[in-house]
Amino acid sequence: MALPPYATTGQRVWFWTFRAICVAIIFFLIMPILVVIPLSFNAQNFFTFTPEMLRFEPGAYSLRHYQDFFTNPDWQAALWNSVRIAPVATLVAVVLGTLAAVGLSQSHVPFRGTIMAILISPMIVPLIISAAGMYFFYSRLGLQGSYWGVVLAHAVLGIPFVIITVTATLVGFDKSLVRAAANMGAGPVRTFFKVQMPLILPGVISGALFAFITSFDEVVVVLFVGSASQKTLPWQMFIGLREQISPTILAVATILVAISVALLTTLELLRRRSEKLRGMSPG
Amino acid sequence: MTDATAGKPPRGGQMLAADGTPLKVSLRRAMRAQKLRALLLISPLLLFVLLTFILPIGDMLLRSVENDIVPSTLPKTVVALQDWDPKTSELPGEPVFAGLHDDLVIAVEKKANTRLGQRLNYEYSGFSSLMRGVVRDLKSMDTSRPFMEQFIEADKKWGDPAVWRTLKTFSGEYTSGYLLNALDMQRTENGIQMKPEQERIYLKLFLRTMAMSLGITFICLLLGYPIAFLLASLPLRTSNLILILVLLPFWTSLLVRTAAWKVLLQQQGVINDILVWLGLVADNARLVMINNATGTTIAMTHILLPFMILPLFSVMKGIPPSYMRAAKSLGANDWTAFWRVYFPQSIPGVGAGAILCFILAIGYYITPELVGGTSGVFISNRIAYHISTSLNWGLAAALATLLLVVVLALYWTYDRIVGIDNVKLG
Amino acid sequence: MSLRYILGAAVLVGLPFGAAMAADDIEPCDGCANSMTVVSWGGAYQTSQQNAYSKPYAELTGTTFTWDESSNEAVAKLRAQFEAGNVTWDLVDVEGPDSQRLCDEGLAMPIDFDAVLAPGDDGSTPTADFGDGLINECFIPQIWFSTTFGYRTDVAEWNGAVPTSLCDVFDMEKFPGKRALEKRPKKNLEWALLCDGVTKEELYDVLSTPEGVDRALKKLDTIKDQTVWWSAGAEAPQLLADKEVVFGSTYNGRLFAVIEEQHQPVAMLWDYEVFDFDGWIVPADLPEDRKARVMNFLRFATDTQRLADQAKWISYGPARASSQPLVGKHADLGIEMAPHMPTNPDNMKNYLVNNIEWWADHQDEVEAKFQAWLTQ
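The listed protein sequences correspond, in order, to chains A, B and C. Residue 1 is where the first sequence starts when you use UniProt numbering, and the numbers rise one by one after that. Residue 1 is where the second sequence starts when you use UniProt numbering, and the numbers rise one by one after that. Residue 1 is where the third sequence starts when you use UniProt numbering, and the numbers rise one by one after that.
FYI, nobody ran anything at the bench for these hints, they're computed from the structure. Please note: incorrect hints may appear among the correct ones.
What the hints assert, rightly or not - Just a sample of chain B residues kept apart from chain A, beta carbon distances all over 12 Å, derived: (1) GLY133; (2) ARG136; (3) SER140; (4) TRP164; (5) GLY279; (6) ARG340; (7) GLN345; (8) GLY351.
Claimed, not checked - The calculated DSBU-like cross-link candidates involving lysine-lysine, where the alpha carbons are at most 35 Å apart (straight line), are: (9) B/LYS139 / B/LYS157; (10) C/LYS183 / B/LYS111; (11) C/LYS183 / B/LYS195; (12) B/LYS110 / C/LYS369; (13) B/LYS111 / C/LYS186; (14) B/LYS157 / C/LYS187; (15) B/LYS35 / A/LYS276; (16) C/LYS183 / B/LYS110; (17) B/LYS156 / B/LYS110; (18) C/LYS200 / B/LYS156; (19) B/LYS204 / C/LYS178; (20) A/LYS276 / B/LYS317; (21) B/LYS139 / C/LYS291; (22) B/LYS157 / C/LYS369; (23) B/LYS204 / C/LYS224.
Glycine included, each C-beta is placed from N, C-alpha and C at the ideal position.
This is chain A alone, in the form it adopts within the complex (with noise of 0.2 Å):
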């Protein structure tokens, strides 16, 4: 959209405008995550920025509400609960998600839509009707405050986002390959990981750290689901936030959009290998 030399001026005072609103709207996306992380830093136990840090004053900055995040046992515990659910969680949703969605593929499938609407469900049901309901269904199990109630939980929330990343890898896949493999005498499951798994494998990725972030950053569905000994690290910053701003919020906000961009990268990476590999145009 460049500027034609021959434009009138009311067409370049428009191209300005229309400019200056975009970089406003996308200050207004990317600034609240600005301001977390030099707050983070912040020496004082405020959430504004003290009259040293504006003047840039070193010994207004400070780790220690870092420091604080790693050594509180509160955090630690919540984090480790973190870890300790979201991979197995994920795990779950990627290997049963991959399966059904290479199944969905397939040409002739019997009620393919309504499979499809089931499956995708959990992301569209509003996450505290999802919480309400297991947290009455699982605690008829005995799963309502256990480690395998939670990850279960966290499991089918994580579902639909294999279900469409996969299924979206596998429209652009040539079924000739398939084929090709079969022909040359490979079974279903060797023409799977010799042949579909490598291709679908940028989509697969891609659906498990989606998987894992909706486990990593989900708070409503543990709050009900989970009791003290799960609490996760969102549901730490819930109480948090609810109960008094601390810093060490900030701090584990920053360091949770540092692992957003890190994830975002290999995404970015993950889409391009994967249009590569399908013959598609980067794009």
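With the hints as your guide, set chains B and C onto chain A.
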């Protein structure tokens, strides 16, 4: 050569596969095998989702009509009440009171009386204290005297036909009471009616949830459209960079973003500090932007904006730029070219983004809870309140059912317009 | 902030202290489970319980403790556990009215106080020592606490006026600014009526009339649009410290932390503060080994010395009369705790005790009415 396409030339009007079976049969068999394999692959997950997700939700829906606490706590009373006509202003007869006495003796022993009182109190205010009082009342009762007068002596509420009417109305295994309550309605002698004005809250909350979600969706559209347009019209390298800026908040923890808004919007927060520093706002007249509807709107707009931009962008990417150019070369000015040519083609993206934002918005719980105060909370917050604080689980389930109906209707529309298969992430 | 401060201090001071007490006699516990799940309120309060009760007990017996901060949802979660037939909690810290509810519903176990609890240091029986605190047969009181108002001392708009009475909270002319009140009818209704000319004696009679609640709500209407409603105990102190509100109702222990530990320009109003008990209940039908452990712990944790010890970390008054003289200095700040106790006579010139019976009877209807009023 198992491939069915490798059929031999026709013989006797029938295509045969390599192994000599008719091609039609062979094809059908192959298809059946394929279907079976597909279902086999899908079934573990389907079973998993049904068991861990659909069943719990179904179970909860059932709770919104479940009422077995009344017939199971007062079995004799319920049976005896069957003969009583609730339309009369007369009290039920002695057998009902005798049944009540027997039932309550057992209930008090099992300590089930207060739970029952709480349940009936949702329908008729005063049942809680009535049922708590029976512990004391029963002790003083004399089994040789008629129970009717003894009950009325103990608490004159037992002499009020309205109490018995409530008992009779809610004596079934199932009830519509919770759902009616969730719609601010109640069952009276004259049928189903709206509750008195000052007791209505849920319709209002539903409306507020809808209105605020609509408002948030609209603001998202307003802010998201220019960005998506910009992304679609910039060269790939630049647009990818901007896309990352859009995706960064999308990938950042919801709680982190809510925390950030709390830091920004407080009266002693960053925005107010800057405004005061700039002299735009007096120090003693700082803006109130949190713990109210404004706080919820700002924070949720921020959180949902990427969900608007991404579908818009994926649609706009597919609109050939040559159309706009063609319109302009035919004499349209910039605005006409955009409004008459470009915008109509972006409508599917607008629809997809708007429905997605709206669906996500009406179910929000965390953000309104943290920044919404009282004027900025949603129906979800009320559901959570009834589960963990007021303990009215039936009402929580009824409210959840209504919310679910709305969401599923939107989900269906979304599927119709966009197709679930076309949901894209990142 | 303050939480960590207290936590750090408590760890430092708590360890040698616990060791010094190890000489105490403790009854042997045969066939007892060796772990316990205790439910409490989190924060500084839970820390004080850990320092005064569970740490010394764990040192003496080797019992492992798991703490669950679910006390404000205790009734809901216990109900769910009972429905599932899978009770995972051993001991639950609740407020008086919640204990009433749990006891009424048979979810809490009735306790034979004189058999289970230790006699007072002065030889008094537990029943006499706890006195009025034994509000029902399931509840073992730990502390007296009070809910009262804190106010900012640096509000320019007040022109030097200092609030002295509860009703200043309702005086928007003289004391403008935002207020923080609990998102519940209890206490707020009583305060509103007291400032609407109702005397302390006829309070619950007025509330029992059909117009009583409406009258209270009408009084609250006068400050409604200037009120921030809180639901978690730490919110009001935080709002006060952040200057978001000028008045805030909260528990006196939380205000103590804001004033004495964080040194914020906040002061406390001791006028018509509402007294309440907080204490333990034991879930009904525990397996024998777990029940035996809980009973053994309870005897230890509610004796005269231990209850007095808790006041070293938090400014709540011990529920035993015999513990009162033993209240000493704050473990870390070194200030005398007695003047900060809600049970201190100077702080009790005007006070109020919630009528638990009345609230148990009317909780549901009043709560519904209040919530409707809130959304109007």
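Hint check:
1. GLY133: Its Cβ never comes within 12 Å of chain A, the nearest being 31 Å, so this holds.
2. ARG136: The claim stands: B/ARG136 keeps its Cβ more than 12 Å from every Cβ of chain A (closest is about 33 Å).
3. SER140: holds, 39 Å
4. TRP164: Holds, since 31 Å exceeds 12 Å.
5. GLY279: holds, 17 Å
6. ARG340: Non-interface label stands for B/ARG340: nearest chain A Cβ at 17 Å, farther than 12 Å.
7. GLN345: The claim holds: B/GLN345 sits with its nearest Cβ about 16 Å from chain A, beyond 12 Å.
8. GLY351: Its Cβ never comes within 12 Å of chain A, the nearest being 16 Å, so this holds.
9. B/LYS139 / B/LYS157: holds, 18 Å
10. C/LYS183 / B/LYS111: holds, 30 Å
11. C/LYS183 / B/LYS195: Distance ~23 Å between C/LYS183 and B/LYS195 Cα, so the pair holds.
12. B/LYS110 / C/LYS369: holds, 30 Å
13. B/LYS111 / C/LYS186: holds, 25 Å
14. B/LYS157 / C/LYS187: holds, 28 Å
15. B/LYS35 / A/LYS276: holds, 31 Å
16. C/LYS183 / B/LYS110: Status holds; Cα separation ~33 Å.
17. B/LYS156 / B/LYS110: Answer holds: B/LYS156 to B/LYS110 is near 25 Å, not above 35 Å.
18. C/LYS200 / B/LYS156: holds, 28 Å
19. B/LYS204 / C/LYS178: holds, 26 Å
20. A/LYS276 / B/LYS317: holds, 19 Å
21. B/LYS139 / C/LYS291: holds, 31 Å
22. B/LYS157 / C/LYS369: holds, 21 Å
23. B/LYS204 / C/LYS224: holds, 19 Å
Hint check: no violations occur; every hint is consistent with the structure.
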